[in-house]
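Read top to bottom, the protein sequences are chains A and B.
First residue of the first sequence: 1, per the numbering used here; consecutive thereafter.
First residue of the second sequence: 253, per the numbering used here; consecutive thereafter.
It is possible that part of the hints are untrue.
[Stated by the list, open to error] Here are the computed lysine-lysine pairs in the DSBU-like style, where the Cα-Cα straight-line distance is at most 30 Å:
hint, chain 1, residue 1, chain 2, residue 2
1, A, Lys132, B, Lys283
2, A, Lys213, B, Lys283
3, A, Lys132, B, Lys267
4, B, Lys267, B, Lys283
5, B, Lys267, B, Lys344
6, A, Lys119, A, Lys129
7, B, Lys344, B, Lys329
8, A, Lys132, A, Lys119
9, B, Lys283, B, Lys273
10, A, Lys65, A, Lys226
11, A, Lys129, B, Lys283
12, A, Lys129, B, Lys267
13, A, Lys119, A, Lys65
14, A, Lys119, A, Lys226
15, B, Lys273, A, Lys132
16, A, Lys119, A, Lys213
17, A, Lys226, A, Lys129
In case anyone wonders, no lab produced these hints; they're calculated from the structure.
Chain by chain, the residues run as shown.
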Amino acid sequence: MTQTNALYHYCLRLGDDAVVLGHRLAEMCSRAPFLEEDLALANIALDYTGRAQLYFEYAAELEGKGRTGDDLVYRRAEREFYSHLLCEQPNTDFAYVIVRQFLFSAFDRFLLDDLCAGKDARLAEIAAKTLKETRYHLAHASDWMVRLGRGTAESNARMQHALDALWPYTGELFEMDDVDLQLLEQGIAADLHTIRSLWQTEVRQTLQRANLKQPPDGYMQTGSRKGIHSEHLGHILAEMQYLVRAYPEASW
Amino acid sequence: MDTQLDLWEVFVQSKPGQSYKHAGSVHASDKQMALQNARDVYTRRGEASGLWVVRAADIAASSLSDHDMLFDPANDKIYRHPTFYQVPAGAKNI
Chain A
1 MTQTNALYHY
11 CLRLGDDAVV
21 LGHRLAEMCS
31 RAPFLEEDLA
41 LANIALDYTG
51 RAQLYFEYAA
61 ELEGKGRTGD
71 DLVYRRAERE
81 FYSHLLCEQP
91 NTDFAYVIVR
101 QFLFSAFDRF
111 LLDDLCAGKD
121 ARLAEIAAKT
131 LKETRYHLAH
141 ASDWMVRLGR
151 GTAESNARMQ
161 HALDALWPYT
171 GELFEMDDVD
181 LQLLEQGIAA
191 DLHTIRSLWQ
201 TEVRQTLQRA
211 NLKQPPDGYM
221 QTGSRKGIHS
231 EHLGHILAEM
241 QYLVRAYPEA
251 SW
Chain B
253 MDTQLDLWEV
263 FVQSKPGQSY
273 KHAGSVHASD
283 KQMALQNARD
293 VYTRRGEASG
303 LWVVRAADIA
313 ASSLSDHDML
323 FDPANDKIYR
333 HPTFYQVPAG
343 AKNI
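Working from the sequences, and respecting the hints, build out all of it.
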């Protein structure tokens, strides 16, 4: 694999996480527990849309086949998406929304920190820009973790339930394949082994504060590095890509 | 039953050094949530350099029935307004 090709795949993965999680959060529009939180989640969704655009535009340039960033989002099939399985998990209830956001943002925060210092200038620039908003996402989600974890017996039980259900999707965040290893050697990609221990400390501390029990690291779900997904991604794409599939010539 | 959280009033500073202006209100259970909610509701397009939130219940407000007593006496006494001075020639400000 050439370095450009590896970087193309790397950007695609980052963009896919952003667009899929952003879509899930956008689904919460008008469904959050109250107006202020509704706007907060919509803001976060828009942050993800913004960064997805940056990653996909860069990926499209790297690919050099004349495709646009929009083409990459709207004209790829499910098996060509590399977003982490965690990002596509549904908004079962508010606890799921918050736990998913916390687990992902805690990872994202350290990932972007690392990419800021990377040797690819464009990627480092995107990371520096998005790290600021990610720190807010993490603060927002962490606050809710603690509030609901230490709230009532009901809120604690729901948070614990969501945490137990989503935990098996966290192992995949730290998988490294050829793309990662090749770019890591060039000083471009993040070292996910280092990030894993930072993430574990962050998560352990917040769960302690939130009075939640950390689930054991048992069987972990895997597949997204190869484009294999849970049943949810297809439904997301069906909705997201409907217009372009139905009206291929549409422009906006 | 009112299921909303407490009401907080939000004041936004649009540029460093400027005074904080009342922007509206949010619901929140504590200071931190009030600040986050205010940030998300009133500064979404980057129009702020600072935020104050204060619990609405903690604001002492004048009542409408006291309007005449409080504000009327000033209106009909034009000598209260500094408009009778001769401005010395050449003075830019007095």
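Results for each hint:
The straight-line distance between the Cα atoms of A:Lys132 and B:Lys283 is roughly 22 Å, inside the 30 Å bound, and the hint therefore holds. Taken as a hint, the A:Lys213 and B:Lys283 pair is honoured in the structure, with Cα atoms around 27 Å apart against an allowance of 30 Å. Under the criterion of a C-alpha separation no larger than 30 Å, the hint pairing A:Lys132 with B:Lys267 is consistent with the structure, at around 20 Å. Restraint check for B:Lys267 and B:Lys283: satisfied, since their Cα atoms lie roughly 22 Å apart, inside the 30 Å limit.
A threshold of 30 Å between alpha carbons decides the hint, and for B:Lys267 with B:Lys344 the separation of about 27 Å falls inside it, so the pair holds. Note on A:Lys119 and A:Lys129: the hinted pairing holds, with a Cα-Cα distance of about 16 Å set against a maximum of 30 Å. For the hint linking B:Lys344 to B:Lys329, the alpha-carbon distance of about 27 Å falls within 30 Å, and the restraint holds. Distance check on the hinted pair: A:Lys132 and A:Lys119 sit about 20 Å apart at the alpha-carbon level, within 30 Å; holds.
As the CA atoms of B:Lys283 and B:Lys273 are separated by approximately 18 Å, the hinted pair is consistent with the 30 Å bound. In summary, the hint linking A:Lys65 to A:Lys226 is supported, as the alpha carbons are separated by about 22 Å, within the 30 Å threshold. Of the supplied pair hints, the one linking A:Lys129 and B:Lys283 holds, its CA atoms being roughly 28 Å apart against a limit of 30 Å. Proximity of A:Lys129 to B:Lys267 is assessed by CA-CA distance (about 22 Å); at most 30 Å being required, the pair is judged to hold.
A distance of roughly 24 Å separates the Cα atoms of A:Lys119 and A:Lys65; the hinted pair therefore holds under the 30 Å criterion. Between A:Lys119 and A:Lys226, the direct Cα distance comes to roughly 26 Å. Compliance with the 30 Å bound is thereby established for this hinted pair. The hinted pair formed by B:Lys273 and A:Lys132 meets the criterion: a straight-line CA distance of about 26 Å does not exceed 30 Å. Distance restraint check for A:Lys119 and A:Lys213: the Cα-Cα separation of roughly 39 Å exceeds the 30 Å cut-off, and the hinted pair is therefore not satisfied.
Distance check on the hinted pair: A:Lys226 and A:Lys129 sit about 28 Å apart at the alpha-carbon level, within 30 Å; holds.
Violation of the numbered hints given earlier is confined to hint 16; every other hint is satisfied by the structure.
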